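**Q** Below are the chains, spelled out letter by letter.
Number of protein chains: 2
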Amino acid sequence: MSPTIAILGGTGPAGTGLALRWARAGESIIIGSRSAQRARDAAAKIADKLGSAAIVTGDSNANACAASDLLALTVPFEGQAALLKELKPSLKPGSILIDATVPLASGVGGRASRTLGVWQGSAAQQAAELVPKGVTVVAAFQNCSADVMNGDGPVECDVIVCSEDPAATQMVCDLAAKIPGVRAIDGGKLENARIVEQITALLIGLNIRHKGHGGIRITGLPPTSYRSSK
Amino acid sequence: MSPTIAILGGTGPAGTGLALRWARAGESIIIGSRSAQRARDAAAKIADKLGSAAIVTGDSNANACAASDLLALTVPFEGQAALLKELKPSLKPGSILIDATVPLASGVGGRASRTLGVWQGSAAQQAAELVPKGVTVVAAFQNCSADVMNGDGPVECDVIVCSEDPAATQMVCDLAAKIPGVRAIDGGKLENARIVEQITALLIGLNIRHKGHGGIRITGLPPTSYRSSK
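Taken in sequence, the protein lines are chains Z and C.
The numbering used here puts the first sequence at residues 1 to 230.
The numbering used here puts the second sequence at residues 1001 to 1230.
By construction, these hints were calculated from the structure, which means they are not laboratory data.
On a predicted model such as this, the values are computed, not experimentally measured, just so you know.
The reader is advised that the hints may include incorrect statements.
[To be verified] Simulated restraints, written as ranges between beta carbons of each label pair:
| # | chain 1 | residue 1 | chain 2 | residue 2 | range |
| --- | --- | --- | --- | --- | --- |
| 1 | C | G1153 | Z | S229 | 21 to 31 angstroms |
| 2 | C | P1180 | Z | S35 | 47 to 57 angstroms |
| 3 | C | P1180 | Z | K189 | 32 to 42 angstroms |
| 4 | Z | G134 | C | Q1170 | 50 to 60 angstroms |
| 5 | C | D1147 | Z | G121 | 51 to 61 angstroms |
| 6 | C | P1223 | Z | A44 | 31 to 41 angstroms |
| 7 | Z | W119 | C | D1165 | 54 to 64 angstroms |
| 8 | Z | L50 | C | G1012 | 47 to 57 angstroms |
| 9 | C | P1154 | Z | A167 | 33 to 43 angstroms |
[As the list claims (entries may be wrong)] In silico lysine-lysine, PhoX-like type, Cα no more than 25 angstroms apart, as pairs:
| # | chain 1 | residue 1 | chain 2 | residue 2 |
| --- | --- | --- | --- | --- |
| 10 | Z | K133 | Z | K88 |
| 11 | C | K1211 | Z | K211 |
| 12 | C | K1092 | C | K1189 |
| 13 | C | K1088 | C | K1133 |
| 14 | C | K1088 | Z | K189 |
| 15 | C | K1133 | C | K1189 |
Here a beta-carbon is modelled for each residue, glycine too, at the ideal position from N, C-alpha and C.
Make the full structure from the sequences, and use the hints.
**A** Put into C-alpha cells, the structure is as follows:
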C-alpha cells in the first residue's frame, strides 16, 4: 500500500472516480474539498459502496493536503491556479502532486471539445510553476472518462504519465496500474502533458459525436512499456 | 474500387506506405514527386513487391495531380505550403485532398517529439487555406507509423478523419478501412486535426523512449463508430 492519497478538489466526478478506484484497490484516501462537509459526504458515499474495508475520509483541502505528501489534483482548469495558490502553505517539499487538469475551453464558456492556450504550455506545467520548490508535479489520468472511472467495469484507457522525476513517474505508474483495465506508460517529460491534455478535448468531441465514453490505447510499444494489474 | 488516387510528394515513407497498402487493396495509384523518375522508381518497387495485379505508376506531382481528383498529400510539413502553391493550377474543383501532414518541430531543426504552432491551427487547416475553392481537405493518417505502413502486418492504429464535408469524410473512412488493422473514425470538423496532428509528436516521443512503433486506438465508442475491413 502507498501512503494516504489526498485527492484535492475531489468531490467532482474526476475526483470521486479516482477515490473509488484507489479505495477499492486498498489505498487509503482523503478527499479534500472547499467544504469539509461535502468532502465527508463524498467519502461516505464511496465507503457505502465499497463496504467497511475501504479507507476513505473527507476534509477541507488544506487539512487533506497537510495530512499527506501524495496528492492528486482534480479540479476544473478554471479552479486550478487559485487552489494551488491557496494551498501553497500546506504543500510540503518532497510531496508528489498528480495533476489531471485539462484546460478545456468550457472553463471560459467555450466548448469542452476545444482547449485554451496555457502560457506555460499545459495545465500541468502551470501547476509546476505554482507549487513550492521541492514538490514534484506528475501529469496523469487526463484521458480517463470520469463516467467510466465512477463505474465498476474495467477502465479501457492507457494513462500516460509525465514528469521531470523518473522515480515519481514510476510511483504514479504503479498507482495507475492498480486500476483494472488501465495500462500506465512513462510519457517522459512534463512538457509532453501538453499533448496528453489535448487528447481529452478530442475524446470529448468524439463522445459528443458518437455518444460514447472514449479512452485511448497506445499500440505498438514493447510489452515492458506498459504497467498494468495483470 | 475508388477512382485513381494520386499520392503527392509520395516517394517518402508516408507516401510509399499509403501507396503500398492501397495498391494491395486493389486501388489504382499514381505516385507523384518533384522528380517523375523518382516517382516511377518508387512505383516500380511497390509493383515488384505486389506482383502484376497491382496498378501503381509514377509521374511528376503536377501530372499526378492533373490525372486524379482524389489526392493524398504526404510531404513533410516544411514542404507542404510550397507544394500546394505550386500545384494550385492542377487542383480541380470537386477534388478531395487527403492531408496527412504533421507540423513537427524537426522541420525547422527541432525535435520530432514537439510540434510547431501553425497560424491556421493545424497543418490541415493551412492546406485548406491554400487549395483553390471547391477542393475539400480531409485530414487523416497522421498517426499511422510509416514503418508499419510499409510493412506487411496489420496496422494497429485508428485513423481519425476530419473535414468540413461529411461525404468526403465518409469516403476517406472507407478508403482507410481498406487497410487491414485500421479502424476509421469520423473525427468531425477539420479543426479537430489540431489535436490529431499533435498525437503524432507524442507517439514519436514514446517511440524514442520505449523503442516501438506506436499507434493509437480510441476505446469506448459504440461499434458503429468504427469502420474497418472486418
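**Q** Hint by hint, which ones does this structure get wrong, listed from lowest number up?
**A** Violated hints: 5, 7, 11 and 14; rest satisfied.
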